[in-house]
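S.K.: Listed below, chain by chain, are the residues.
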Amino acid sequence: MHSFIQLSILVLLLPLLSFVLLIFFNRRLPRGGDFIGIGLLGATFSIAAYLFWQVVVVAYDPAFRIAWDFTWIDFGNVPGVGPLEIKMGIMIDNLTVIMLAMVTLISLLVHIYSTGYMHGETYYGRFFAYLGIFTFSMLGIVLSDNLFAIYIFWELVGLSSYLLIGFYFHKDSAADAQKKAFLTNRVGDIGMWLGILILYSQFHTFGYEEIFQHIKAGEFHMSQAWLTAAGILLFMGCVGKSAQFPLHVWLPDAMEGPTPVSALIHAATMVAAGVYFVGRIFPILTPDALMVIAFVGAFTAFMAATIAITQHDIKRVLAYSTVSQLGYMVLGLGVGAYSAGLFHLLTHAFFKACLFLGSGAIIHAMHHEQDMRWMGGLWKKMPWTFATFTIATLALAGLPLTSGFMSKDAILAGALGYAEVEGGGLFYLIPVLGFFSAMLTAFYMGRQIWLVFFGQSRTHLKPADPHHHDEHGHEGHHEVHEVAWNMRLPLVVLATLSVFAVYSPDPLDGAKGWFMHLVQTPQTAVLATTSHDAPAGDHAILHDPASPTVAGAHHAGAAGLLAEAEVHADVHHVTDAVHGADDAHHGPTFDDPRQAAIAHAAHANHYNAITYSTIMVASGITLALIFYVFGFISPEKTAQRIRPLYLYSFNKWYWDEIYNATFIRGSLLLARIFSWFDSNIIDGVVNGVGALVRRLGRMSGNIDRYIVDGAVNFTAFFVQSSGAILKKAQTGKVQTYVVMVLLAVTAYVIYYILQLQP
Amino acid sequence: MDVVTHIGLTHYLVISAMLFAFGLFAVVTRKNAIVILMGVELMLNAANINFLAFSKYNGGMEGVMFSLFVIVLAAAEAAIALAIIINIYKTFNTVDVSSIDSMKE
Numbered sequence: 001m002h003s004f005i006q007l008s009i010l011v012l013l014l015p016l017l018s019f020v021l022l023i024f025f026n027r028r029l030p031r032g033g034d035f036i037g038i039g040l041l042g043a044t045f046s047i048a049a050y051l052f053w054q055v056v057v058v059a060y061d062p063a064f065r066i067a068w069d070f071t072w073i074d075f076g077n078v079p080g081v082g083p084l085e086i087k088m089g090i091m092i093d094n095l096t097v098i099m100l101a102m103v104t105l106i107s108l109l110v111h112i113y114s115t116g117y118m119h120g121e122t123y124y125g126r127f128f129a130y131l132g133i134f135t136f137s138m139l140g141i142v143l144s145d146n147l148f149a150i151y152i153f154w155e156l157v158g159l160s161s162y163l164l165i166g167f168y169f170h171k172d173s174a175a176d177a178q179k180k181a182f183l184t185n186r187v188g189d190i191g192m193w194l195g196i197l198i199l200y201s202q203f204h205t206f207g208y209e210e211i212f213q214h215i216k217a218g219e220f221h222m223s224q225a226w227l228t229a230a231g232i233l234l235f236m237g238c239v240g241k242s243a244q245f246p247l248h249v250w251l252p253d254a255m256e257g258p259t260p261v262s263a264l265i266h267a268a269t270m271v272a273a274g275v276y277f278v279g280r281i282f283p284i285l286t287p288d289a290l291m292v293i294a295f296v297g298a299f300t301a302f303m304a305a306t307i308a309i310t311q312h313d314i315k316r317v318l319a320y321s322t323v324s325q326l327g328y329m330v331l332g333l334g335v336g337a338y339s340a341g342l343f344h345l346l347t348h349a350f351f352k353a354c355l356f357l358g359s360g361a362i363i364h365a366m367h368h369e370q371d372m373r374w375m376g377g378l379w380k381k382m383p384w385t386f387a388t389f390t391i392a393t394l395a396l397a398g399l400p401l402t403s404g405f406m407s408k409d410a411i412l413a414g415a416l417g418y419a420e421v422e423g424g425g426l427f428y429l430i431p432v433l434g435f436f437s438a439m440l441t442a443f444y445m446g447r448q449i450w451l452v453f454f455g456q457s458r459t460h461l462k463p464a465d466p467h468h469h470d471e472h473g474h475e476g477h478h479e480v481h482e483v484a485w486n487m488r489l490p491l492v493v494l495a496t497l498s499v500f501a502v503y504s505p506d507p508l509d510g511a512k513g514w515f516m517h518l519v520q521t522p523q524t525a526v527l528a529t530t531s532h533d534a535p536a537g538d539h540a541i542l543h544d545p546a547s548p549t550v551a552g553a554h555h556a557g558a559a560g561l562l563a564e565a566e567v568h569a570d571v572h573h574v575t576d577a578v579h580g581a582d583d584a585h586h587g588p589t590f591d592d593p594r595q596a597a598i599a600h601a602a603h604a605n606h607y608n609a610i611t612y613s614t615i616m617v618a619s620g621i622t623l624a625l626i627f628y629v630f631g632f633i634s635p636e637k638t639a640q641r642i643r644p645l646y647l648y649s650f651n652k653w654y655w656d657e658i659y660n661a662t663f664i665r666g667s668l669l670l671a672r673i674f675s676w677f678d679s680n681i682i683d684g685v686v687n688g689v690g691a692l693v694r695r696l697g698r699m700s701g702n703i704d705r706y707i708v709d710g711a712v713n714f715t716a717f718f719v720q721s722s723g724a725i726l727k728k729a730q731t732g733k734v735q736t737y738v739v740m741v742l743l744a745v746t747a748y749v750i751y752y753i754l755q756l757q758p
Numbered sequence: 001m002d003v004v005t006h007i008g009l010t011h012y013l014v015i016s017a018m019l020f021a022f023g024l025f026a027v028v029t030r031k032n033a034i035v036i037l038m039g040v041e042l043m044l045n046a047a048n049i050n051f052l053a054f055s056k057y058n059g060g061m062e063g064v065m066f067s068l069f070v071i072v073l074a075a076a077e078a079a080i081a082l083a084i085i086i087n088i089y090k091t092f093n094t095v096d097v098s099s100i101d102s103m104k105e
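Residue numbers (the UniProt record's numbering), protein chains in the order written: chain A, 1 to 758; chain B, 1 to 105.
Don't read these hints as lab results, they were simulated from the structure. Each statement offered as a hint is correct.
25 Å max Cα-Cα, derived SDA-like pairs, lysine to any residue: (1) A:Lys733 / B:Met43; (2) A:Lys733 / B:Ser99; (3) A:Lys733 / B:Ile85; (4) B:Lys90 / A:Thr731; (5) A:Lys728 / B:Ser102; (6) A:Lys733 / B:Ala26.
DEER-style ranges, computed between Cβ atoms: (7) B:Leu52 / A:Ala724: 46 to 52 Å; (8) B:Val28 / A:Lys728: 18 to 24 Å; (9) A:Ile707 / B:Phe25: 52 to 58 Å.
Owing to the predicted nature of the structure, the values given are computational and were not obtained by experimental measurement. Glycine included, C-beta positions come from ideal geometry on N, C-alpha and C.
Given only the sequences and the hints, what does the whole structure look like? Please build it.
M.R.: Next up, the structure:
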């Protein structure tokens, strides 16, 4: 076994050990055992950092890959299924190592942060235990080399998310939110499981690599539509976990959990697991499946951004922002900008974790005030939080010199390229929604920064809440202080990781950085030649190699673009030589002409994307300045003027209400129908059978009572009465008996004599 | 006339039968237990007469032997019966068999 594999097993199991120790012994340990959690996570992070150093810095090889597996369960030959063998294994490639480092680092920082934020909580120790099992499950997702294992860990992160959202389980809202999150995720996971089963039914394996190779070898014997269906079903897992439309509704409610959890699970890691999973299965996704993914991502990004601009709760703004950014990542993968999408996953993890931890610091300092309307003027009181929060905000908004700028622009360039290759029209909706979301992001983050940190403190404006004052009667007058070092340190680390220099020497181009070099778009396993199964229509013609006119032109165009890309790359090669960088632009050469064309078009659109997005971000910031800083336009009056739109956004596009009216009401109605069916039909049958049996029993009882008992009683009566008659013969007088004997003998003698006479 | 002039087996048998009938009559009708015992003796002796008569006319000694046995048996029987009667008397203060009917219950 390779030593990296051994180390990664250690990375996987140490957080589990932390969980086991803390869940059983947290009450007996001093400080709830938080030092165990932090110590073990520190060790985990050190190992992950060592792996990161070895793989990313020392090896620096895009093709780096180590895999190891073992047979976990061997069912032998199962009737109806065939040989069934479940393997477990670990696969380490560049993406895995980067994710390992990212997850363990953020988890460690959140552990440290929680010692401050969760200080004095009743279930302080349990909180660290839950963080441990979450980290374990998340690392399991990252390390798994097959669909079965990832599904197990997928459910485990769902469980830990459930436990942590409902950490304040005594609050109804938290209990409701955890149930909502769990059930919503279940919908996605069913789809994911069906997708896994479709692939298993074809290839009898769960391993990613094996599945890719089988598909590449053309061993998928059903029609292409089934492969598309498998891809979309697997993507449903991502839709649930990464809160994509239409299953996004749980994530904002998940903010009921403690803020460190929001940072770790609901911003940086778990919700990104869906994106990571789509990245893992990327080669099996057909063009149709990718199109669905791209549209879902674009719509989610736009919708969530429009909701975020009107929310009052500081965490809810960030939650919708997370949904929106996850939409970006999904969009990126959907348009084939694989490395850009995953790059955004990484950069977003750091700056969004920083934002959430920053908002946690604010909430902590404001004594559990989450409503931005009653904040303001905090920048002087909390300079560290302000500085880090601002850096992370700039990264989220996508301003140049930040990490978010590079990753977001790579995605948008990919979207532009995709739309160009796909033939424009409706496909331009994807980049357009992306650019609008970029503007909205800048706007709502500008609004948030302004409302929270600038202006005058509005604490006193808060309408009196008698219930609230009963609990914290005097706290309203407390001074707001900067948080302690254990909460500041994570903020500083995360803010540092939001700067461009960590990722790329060129602030305008992430493609020159190490991430885009190491994580390159994999070759699609779906061969273009198999797409003749696709349903008829424009799309089929587009991909149909047998159609010489259109597809030929298309392929010629693609080849032309490819050639152009090489020329382009050469030009860049010369310029890049100054930086001494690799020819990162060149990237992999694709066998699939479509993939090659998209990659080239994405690259060609790089500077367009930068230009457009900078314009959009600038206009978003300008709008925020106009509304909130300079006050040219009053936000309240505008809200009044466009009240229907405002309410539509404020009420989150009424998704909760729509789901309530359809799915929840529907389920309840269905439940009521079933309940009626159960209590009337099923119970009726049961009761009918019961009544029948009772009647039969009564009948049988009567037979027993009157016929059987009658016979017995009659016998007894007969014996008794005959005895009564016969007992009269027993007089007790000897002479009577003698007479009887005499009579009997006489009778016999007479009989004998009569016998003698013939 | 043979019946009158010549004493034969039939005479003995008639006598024996009459004697048996008298004995039986005594056993069935008398109330005194001792008289009943006497009736029994009569019946036994009627049987003896029968044995002896058949013995004489058959020419064997078996009848004589049997009647001797019966006499011995009658003696033993009389002794036991008298003992029983004494015990009955001690228990019931009477030897009237018609009033001794406690075996009915």
